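*Asks:* Can you build the whole structure from these sequences, using the hints too?
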Amino acid sequence: MHNKTIAQIARELAAGEYSSVEITQALLSRIEQLDPVYNSFITVTPEQALAQAKAADELRAAGQAGIWTGVPMAHKDIFCTNGVLTTCGSRMLGNFVAPYDATVVSNFNAAGAVCLGKTNLDEFAMGSSNESSFYGAVKNPWDLERVPGGSSGGSAAAVAARLVPGATATDTGGSIRQPAALCGITGIKPTYGRVSRWGMIAYASSLDQGGVMTRTSEDAAMMLNVMAGFDPKDSTCVDRAVPDYTATLNDSIEGLTIGLPKEYFSADLDPAMAQQVRAAVAEFEKMGAKVKEISLPNTHLAIPVYYVIAPSECSANLSRMDGVRFGHRVADPKDINDLYKRSRSEGFGAEVKRRIMVGTYALSAGFYDAYYLKAQQVRRLIKNDFVEAFKEVDVIMGPVTPTPAFRAGEKTSDPVSMYLEDIFTIALNLAGLPGMSIPCGTVNNLPVGLQLIGNYFEEGRLLNLGHKFQQATDWHQQAPAGLV
Amino acid sequence: MALEQDQVLAIAELCRLQISDAEVAEYQKNLSNILDLVDQLAAVDTSDVAPMAHPLDAVQRLRADQVTETNQREHFQKIAPATENGHYLVPRVIE
Chain R
0 MHNKTIAQIA
10 RELAAGEYSS
20 VEITQALLSR
30 IEQLDPVYNS
40 FITVTPEQAL
50 AQAKAADELR
60 AAGQAGIWTG
70 VPMAHKDIFC
80 TNGVLTTCGS
90 RMLGNFVAPY
100 DATVVSNFNA
110 AGAVCLGKTN
120 LDEFAMGSSN
130 ESSFYGAVKN
140 PWDLERVPGG
150 SSGGSAAAVA
160 ARLVPGATAT
170 DTGGSIRQPA
180 ALCGITGIKP
190 TYGRVSRWGM
200 IAYASSLDQG
210 GVMTRTSEDA
220 AMMLNVMAGF
230 DPKDSTCVDR
240 AVPDYTATLN
250 DSIEGLTIGL
260 PKEYFSADLD
270 PAMAQQVRAA
280 VAEFEKMGAK
290 VKEISLPNTH
300 LAIPVYYVIA
310 PSECSANLSR
320 MDGVRFGHRV
330 ADPKDINDLY
340 KRSRSEGFGA
350 EVKRRIMVGT
360 YALSAGFYDA
370 YYLKAQQVRR
380 LIKNDFVEAF
390 KEVDVIMGPV
400 TPTPAFRAGE
410 KTSDPVSMYL
420 EDIFTIALNL
430 AGLPGMSIPC
440 GTVNNLPVGL
450 QLIGNYFEEG
460 RLLNLGHKFQ
470 QATDWHQQAP
480 AGLV
Chain U
0 MALEQDQVLA
10 IAELCRLQIS
20 DAEVAEYQKN
30 LSNILDLVDQ
40 LAAVDTSDVA
50 PMAHPLDAVQ
60 RLRADQVTET
70 NQREHFQKIA
80 PATENGHYLV
90 PRVIE
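Heads up: the sequence lines are chains R and U, in that order. Counting in numbering that gives the first Met the number 0, the first sequence runs from 0 upward without gaps. Counting in numbering that gives the first Met the number 0, the second sequence runs from 0 upward without gaps.
Since the hints were derived computationally from the structure, they do not count as laboratory data. Take the hints with a grain of salt, since some may be wrong.
Said to hold, decoys possible - If you want the footprint, here are the derived chain R segments under chain U, 3+ residues with CB under 8 Å:
| no. | segment |
| --- | --- |
| 1 | 12-26 |
| 2 | 59-72 |
| 3 | 141-152 |
| 4 | 338-349 |
| 5 | 362-373 |
What the hints assert, rightly or not - Cut-off 30 Å, straight-line C-alpha distance, at most; resulting in silico cross-link-like pairs (DSBU-like, lysine-lysine):
| no. | chain 1 | residue 1 | chain 2 | residue 2 |
| --- | --- | --- | --- | --- |
| 6 | R | K410 | R | K289 |
| 7 | U | K77 | R | K232 |
| 8 | R | K3 | R | K467 |
| 9 | U | K28 | R | K410 |
| 10 | R | K390 | R | K467 |
| 11 | R | K232 | R | K261 |
| 12 | R | K285 | R | K467 |
| 13 | R | K261 | R | K289 |
| 14 | R | K333 | U | K77 |
All values derive from a computational prediction rather than experimental measurement. Yeah, the Cβ is synthetic: ideal placement off N, Cα and C, and Gly gets one too.
*Replies:* Structure follows, in structure tokens:
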């Protein structure tokens, strides 16, 4: 049961080969059996899942089933789920039972999906290794000594270990694409504003975007069909029609021009990975695409810009975590200031505190122009690089990460070395562009990701390219030893 | 840019975070390293570049000034650490 894709489950449920309760039970017992090793879930919700599965089976018996009715999935524990613990990987929200559903969660509920639980993540989505979760590090199913990437490392490990066929995730600087690459699965971050952020706990509001992690591009298209769309409750959500992403999966890519940014094939990139990425691009050439070298000259400024903008926005967003209305509150506060300070100091981990402090400093009197305003100006230069590039090419391709999955503990003592892990992914969040990672090879038996970057609202094109590649190759079917 | 220890403590106070004496040096080192990383921006010429707040340069939508939400005070206060008569309780602020 566990190696089935979303598309396959939807078909087989419709054909009556098994019930939603049966597949839900099978996956729940697999999670119970295997997840103590990976720690990919913070909360598993068997009772709710089986109730949803039973309701789905009844709906189907009544002839009212849709495509998603009874299909199991999971949510990253950053999406609020009514009546279910929503921790965001933090001690601060260790007792936070969300009083409402995120729009993304409502959408999946309305479609009839079955949620198996909430997946682990770096605390408040700040990290590239999933080691900063208060609920313990997540293990990479390909090598338990290595990290799954982050911040959506729980969603990535759960999908790679075949515990669930798909999971929601979020991406602020690479948090979908990087763990997808490190765990050998498919992940897409849509255009900023494509998916509602309402009820998705905010890290950096001008960068955060919800997306999906699956094993195939087809499954990602099916999930995005449920998630994408306008939401009046998110003031930055874009009011624009959503195409059926599954309808264009098989479109021809004949004559399409692929841009390869020379800055993405620099000395930072592991040569063995560069070879895999170029071999993947050659696969598209075989299908009739053309390749052109391009330049994104401000690439080296993406990380410095990000580490002003993201901490600044997080320092403002996380000020709501004050121990007054919800979340962790210290015992016996002496006065209001003591309540704030000790609740926050106990509730937040080291990386979250660092980013709040950097952001507070960057926004403080006398420094705003030199840091935040300057970063927003350079951010436009980075966006303009892409705008120029898309005048010449239809899609941009390159690596997702400079190296395959690194060892746990390797980068935790030096925050800046961890930040450099996102060197090829961060610029897209700054520009607001859609990006996707698909498995395209292995190096030393560790997965390598190919990054596909599209113009604004070109998610359909990326999913189409991913699907064509997955029709021609079998990298996406490779699994960690013993897990298929 | 290197931060002094008293700057680290002043920032922590602004953030309402408590940093122990043993942690100050570590924060000083890590925050200074992060600021060194971002100091590269100072060298970039951004004269005539408008700051970018939204990737699609969207502006905030306005809505009609009408009540659309229902009162769910009791529901939301169920998860609060301490409440009384519909109010959130905190240590006494005004004597």
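*Asks:* Each of the hints needs a verdict: does it hold here or not?
*Replies:* Checked hints:
Under a criterion of three residues with beta carbons nearer than 8 Å to beta carbons of chain U, the stated coverage of the segment 12-26 of chain R fails, only 0 such residues being counted. Evaluation of the coverage hint for the segment 59-72 of chain R: breached, as 0 residues show C-beta separations to chain U shorter than 8 Å, against a requirement of three. Using a Cβ-Cβ cut-off of 8 Å, 0 residues of the segment 141-152 of chain R lie near chain U, which falls short of the minimum of three, so the contact claim is violated. With 7 residues having a beta carbon nearer than 8 Å to a beta carbon of chain U, the segment 338-349 of chain R meets the requirement of three or more and the stated coverage holds.
Coverage of the segment 362-373 of chain R by chain U holds [criterion: at least 3 residues with CB-CB distance below 8 Å; count 5]. The hinted pair formed by K410/R and K289/R fails the criterion: a straight-line CA distance of about 38 Å is larger than 30 Å. Taken as a hint, the K77/U and K232/R pair is honoured in the structure, with Cα atoms around 23 Å apart against an allowance of 30 Å. A C-alpha spacing of about 19 Å is found between K3/R and K467/R, which places the hinted pair at or below 30 Å, so the restraint holds.
Simply put, K28/U and K410/R have alpha-carbon atoms about 16 Å apart, close enough for the 30 Å limit, and the pair holds. Annotation: proposed proximity of K390/R to K467/R holds, straight-line Cα distance about 24 Å (limit 30 Å). With a CA separation close to 40 Å, the supplied pair K232/R and K261/R exceeds the 30 Å bound. The suggested pairing of K285/R with K467/R holds, with an alpha-carbon distance near 11 Å, which does not exceed 30 Å.
With a C-alpha separation of about 16 Å, the suggested pairing of K261/R with K289/R holds against the 30 Å cut-off. For the proposed pair K333/R and K77/U, the alpha carbon gap of about 24 Å is at most 30 Å, so the pair holds.
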